[in-house]
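Visitor: In case it helps, this note's numbering puts the sequence shown at residues 42 to 172.
It should be emphasised that the hints constitute simulated quantities derived from the structure, not laboratory data. Even for Gly, the Cβ is constructed at its ideal location relative to N, Cα and C. Among these hints, one or two may not hold up.
Between beta-carbon pairs, the in silico distance windows are [to be verified]: (1) Ser-84 <-> Glu-146: 19 to 29 Å; (2) Lys-137 <-> Met-102: 11 to 21 Å; (3) Pro-113 <-> Arg-68: 17 to 27 Å; (4) Val-165 <-> Glu-54: 30 to 40 Å; (5) Leu-152 <-> Asn-72: 30 to 40 Å; (6) Gly-74 <-> Leu-166: 16 to 26 Å.
Computed cross-link-like contacts, BS3-like style, restricted to lysine-lysine with a CA-CA straight-line distance of at most 30 Å [what the hints assert, rightly or not]: (7) Lys-115 <-> Lys-47; (8) Lys-115 <-> Lys-80; (9) Lys-80 <-> Lys-66; (10) Lys-50 <-> Lys-137; (11) Lys-66 <-> Lys-46; (12) Lys-66 <-> Lys-115; (13) Lys-80 <-> Lys-137.
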Amino acid sequence: MNCNKKSTKIDKESIDKLMNVFYEKIRKDENLGPIFNSKVGTSEEAWDAHKAKIGNFWQGMLLGEGDYKGHPMKAHLELPPFPREFFDIWLELFEKSLNDIFTPENVNIILQRAQMIAINFQNVLYSEQRF
């Protein structure tokens with residue numbers, strides 16, 4: 042990817058690029074890759090569908106559009122337990138992906154949302170009441 046041309050706006054096209062770059066990193070990660078591959082699958086078709094679905098989620102979060110249908114918390118609750126520290130890895134890969142695509146201003150906007158989501162998920166996934 043040409044890192045010299047950063048997206049100055051957040052739109053469907055830039056979110057789609059983000060999904061491609063981010064999930065390429067996820068799939069290669071020694072900790073997160075196996076978790077995602079076991080849930081999503083390993084075929085390109087399965088990953089394309091997942092990227093489209095999560096892209097719709099981010100379009101809703103960032104643009105107020107998209108047709109995301111799903112329950113992200115439920116999907117995470119159904120996963121086998123994984124270390125809380127994996128959220129730090131997820132956020133690190135997400136931030137690296139944002140920096141590959143967006144200007145610093147847009148990185149900050151999107152990263153704040155991602156951090157908020159990660160905190161909310163951790164609060165539910167690792168709450169005392171769950172166990």
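Visitor: Can you list which hints this structure breaks, lowest number first?
Guide: Hint check: 1, 5, 7 fail, others pass.
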